[in-house]
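**Student:** Single-letter residue listing:
2 protein chains.
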Amino acid sequence: MRVVAGIDIGGTNTDFGLVDELGNCLKTETVPTKKFKVPKDLVNEVSTRILEMCKSHQLLGIGIGAPNGNYYKGTIEFAPNLPWKGIIPLAKLFEKATHAPCLLTNDANAAAIGEMTFGGAKKMKDFIFITLGTGLGSGLVANGQMIYGHDGLAGELGHVIVIKDGRLCGCGRKGCLETYASATGLKRTINEWIEQGKKTILSGKKEPIVSADIFMAAKKGDALALKAFEFTGEILGLALANSVNYTSPKTIFLFGGLANAKELLFEPTIRHFEENLLNIYKNKIKIVPSKLKENQAAILGAASLAWNQKSRL
Amino acid sequence: MRVVAGIDIGGTNTDFGLVDELGNCLKTETVPTKKFKVPKDLVNEVSTRILEMCKSHQLLGIGIGAPNGNYYKGTIEFAPNLPWKGIIPLAKLFEKATHAPCLLTNDANAAAIGEMTFGGAKKMKDFIFITLGTGLGSGLVANGQMIYGHDGLAGELGHVIVIKDGRLCGCGRKGCLETYASATGLKRTINEWIEQGKKTILSGKKEPIVSADIFMAAKKGDALALKAFEFTGEILGLALANSVNYTSPKTIFLFGGLANAKELLFEPTIRHFEENLLNIYKNKIKIVPSKLKENQAAILGAASLAWNQKSRL
Numbered sequence: 052m053r054v055v056a057g058i059d060i061g062g063t064n065t066d067f068g069l070v071d072e073l074g075n076c077l078k079t080e081t082v083p084t085k086k087f088k089v090p091k092d093l094v095n096e097v098s099t100r101i102l103e104m105c106k107s108h109q110l111l112g113i114g115i116g117a118p119n120g121n122y123y124k125g126t127i128e129f130a131p132n133l134p135w136k137g138i139i140p141l142a143k144l145f146e147k148a149t150h151a152p153c154l155l156t157n158d159a160n161a162a163a164i165g166e167m168t169f170g171g172a173k174k175m176k177d178f179i180f181i182t183l184g185t186g187l188g189s190g191l192v193a194n195g196q197m198i199y200g201h202d203g204l205a206g207e208l209g210h211v212i213v214i215k216d217g218r219l220c221g222c223g224r225k226g227c228l229e230t231y232a233s234a235t236g237l238k239r240t241i242n243e244w245i246e247q248g249k250k251t252i253l254s255g256k257k258e259p260i261v262s263a264d265i266f267m268a269a270k271k272g273d274a275l276a277l278k279a280f281e282f283t284g285e286i287l288g289l290a291l292a293n294s295v296n297y298t299s300p301k302t303i304f305l306f307g308g309l310a311n312a313k314e315l316l317f318e319p320t321i322r323h324f325e326e327n328l329l330n331i332y333k334n335k336i337k338i339v340p341s342k343l344k345e346n347q348a349a350i351l352g353a354a355s356l357a358w359n360q361k362s363r364l
Numbered sequence: 052m053r054v055v056a057g058i059d060i061g062g063t064n065t066d067f068g069l070v071d072e073l074g075n076c077l078k079t080e081t082v083p084t085k086k087f088k089v090p091k092d093l094v095n096e097v098s099t100r101i102l103e104m105c106k107s108h109q110l111l112g113i114g115i116g117a118p119n120g121n122y123y124k125g126t127i128e129f130a131p132n133l134p135w136k137g138i139i140p141l142a143k144l145f146e147k148a149t150h151a152p153c154l155l156t157n158d159a160n161a162a163a164i165g166e167m168t169f170g171g172a173k174k175m176k177d178f179i180f181i182t183l184g185t186g187l188g189s190g191l192v193a194n195g196q197m198i199y200g201h202d203g204l205a206g207e208l209g210h211v212i213v214i215k216d217g218r219l220c221g222c223g224r225k226g227c228l229e230t231y232a233s234a235t236g237l238k239r240t241i242n243e244w245i246e247q248g249k250k251t252i253l254s255g256k257k258e259p260i261v262s263a264d265i266f267m268a269a270k271k272g273d274a275l276a277l278k279a280f281e282f283t284g285e286i287l288g289l290a291l292a293n294s295v296n297y298t299s300p301k302t303i304f305l306f307g308g309l310a311n312a313k314e315l316l317f318e319p320t321i322r323h324f325e326e327n328l329l330n331i332y333k334n335k336i337k338i339v340p341s342k343l344k345e346n347q348a349a350i351l352g353a354a355s356l357a358w359n360q361k362s363r364l
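Residue numbers (this note's numbering), protein chains in the order written: chain A, 52 to 364; chain B, 52 to 364.
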């Protein structure tokens, strides 16, 4: 069978697997990213395993999703959450190790292409894809094409400054969207309020609060946890309303850990989104959950990068 | 000679003319837009004059730039500065009157296509075009294509909300970019400060202050006028830095009345732009004046819409 391999390089794990033309994940494996001190060691291990998986298949190519991935150069550039520093020519390293053509883009772009190829954005020409995890990633599709931008680094909506002199971001600047609208942002919100002495059933918790705790507290009716989701939705809703002025999408897809909070996140986000939309866009644009299966999305997304661009491979 | 006609519908005047394939404006005329109580009267007058101009030429098509123009539908939709209300099927009306194929888009998109076809963005695949006049208009080009969006109404950067609960905008919302970064925004800035009792050589002026007055005052070294340009550049620079996160352009072009203030506007804008850019974009992206001739830009832009899309005509 003709297959492509999808590789998702994450700060903790690197997931990879084979995907057929219909979007079926045939086999998947995982290795811990931080185990590998130099990128070449990871490339060799993953390549060996992929070639092993492919014994009864024809490997057409490889797609890689990675933080700070540069599509044009096939490189990872200064990714703060990976163990390797500087600019890493990852696509070339994989091509050398596997002798298969290889494409790379940032992880959110890969997932957006996955949504377009196998998910809820099939046949959709204009949409925005947002991942809400540790940070906020995004992929923009216009005229049926991923927007990579002049340098291959477009679609960094997590680093739009939404509050002047706001929260310190991992990028070194202040007030970036992802410091508010992400699983980490939600935690910062409630921790700031707890420090100010506001009451919540989470106050007495010994271990650090994680976003799942805030979700559970909100489900139980905890007012502060509910307010934290409301605040997150306010910031995200306004930011998405502003985003519409750029590309006028048909749909905005939300994906990732925080999106799993469903109505707790979607209701306030959509309400503030509609409140802040320019009149010509009102009541036209849907904000919906991604249709990608969460445990397969990263691999599917990376693989669909390869399936979508067979002519470039 | 094969020509197209370019028509620029403005709140005050409607300019039109013939343009050859090299971007030469062969003939131009103007009619006052407000003279025409219904759109059909304008269409009839302008069509008659265009057909008259074309007697020794072959008219291939017509391009129209208009405020709130919808590219897909060929309509003007709820344009606040035009004398006609509701949705107007202007492209169809012109096709009926001239029997020439007709394309329409918003005025800033048309100018962006003009920049790409005849100006400083030739062969450029990713750029942002900003018009700074009464309001702030914009056109986004990615992958060598104008971004029209799902509904044909993309590229409304003037209505990105940059200050929560900020200045009241003509769109009915508060804090839109164009209430600060436009000729009107510059006037509002200095008038607010004068009302607060701040000193400027413009304080005693009997007639309402226009943006040219502020320019002249700044040139003479008036501290408040200089501060007004600094403030405009601060707001615009940050907004453009945020815009880069969307489409990662090679260049940002500034056009229109306020852009003519040159260094007074460009210096603070570029400084605040670089200060606010995400590190991966720093020192890569140019902010430059448009290369379109100001008195011909609107007609050229509209005409290039037609030249660029001959296959659709």
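One thing to keep in mind: the hints can contain errors.
Any copy, or any two copies together, can satisfy a pair, since identical chains are not distinguished.
Stated by the list, open to error - Derived pair list, reagent style DSS-like, types lysine-lysine, alpha-carbon separation capped at 25 Å: (1) 250 - 225; (2) 176 - 301; (3) 342 - 249; (4) 88 - 335; (5) 215 - 278; (6) 257 - 333; (7) 271 - 249; (8) 337 - 225; (9) 225 - 215; (10) 313 - 335; (11) 270 - 249; (12) 278 - 91; (13) 215 - 238.
Simulated from the structure, these hints should not be mistaken for laboratory data.
**Student:** Decide, hint by hint, whether the structure agrees.
**Tutor:** Comparing the hints with the structure gives:
Taking the shortest alpha-carbon separations for residue 250 and residue 225, neither the intra-copy value of 27 Å nor the inter-copy value of 33 Å comes in at or below 25 Å. When the C-alpha separation of residue 176 and residue 301 is checked against a cutoff of 25 Å, the pair qualifies both within a copy, at 8 Å, and between copies, at 23 Å. For a Cα distance limit of 25 Å, the shortest separation of residue 342 from residue 249 qualifies neither inside one copy, at 37 Å, nor across copies, at 57 Å. Proximity of residue 88 to residue 335 under the C-alpha cut-off of 25 Å is found in neither arrangement, the shortest distances being 49 Å within a copy and 31 Å between copies.
In the homo-oligomer, the alpha carbons of residue 215 and residue 278 lie at most 25 Å apart both inside one protomer (22 Å) and across protomers (19 Å), since each shortest distance falls under that limit. Taking the closest pair of Cα atoms, residue 257 and residue 333 never come within 25 Å of each other, the shortest separation being 45 Å inside a single copy and 42 Å across copies. For the identical chains of this complex, residue 271 and residue 249 are intra-copy neighbours only, at 17 Å inside a copy versus 54 Å across copies, given an alpha-carbon limit of 25 Å. With identical chains, the CA atoms of residue 337 and residue 225 are at most 25 Å apart between copies only, with a shortest distance of 23 Å across copies and 30 Å within one.
In this homomeric assembly, residue 225 and residue 215 come within 25 Å of each other (Cα to Cα) both inside a single copy, at 7 Å, and across copies, at 17 Å. Taking the shortest alpha-carbon separations for residue 313 and residue 335, only the intra-copy value of 21 Å comes in at or below 25 Å, while the best inter-copy value is 39 Å. For the identical chains of this complex, residue 270 and residue 249 are intra-copy neighbours only, at 18 Å inside a copy versus 53 Å across copies, given an alpha-carbon limit of 25 Å. Taking the closest pair of Cα atoms, residue 278 and residue 91 never come within 25 Å of each other, the shortest separation being 46 Å inside a single copy and 54 Å across copies.
For the identical chains of this complex, residue 215 and residue 238 are neighbours both inside a copy (20 Å) and across copies (23 Å), given an alpha-carbon limit of 25 Å.
When each numbered hint is compared with the structure, violations occur for hints 1, 3, 4, 6, 12.
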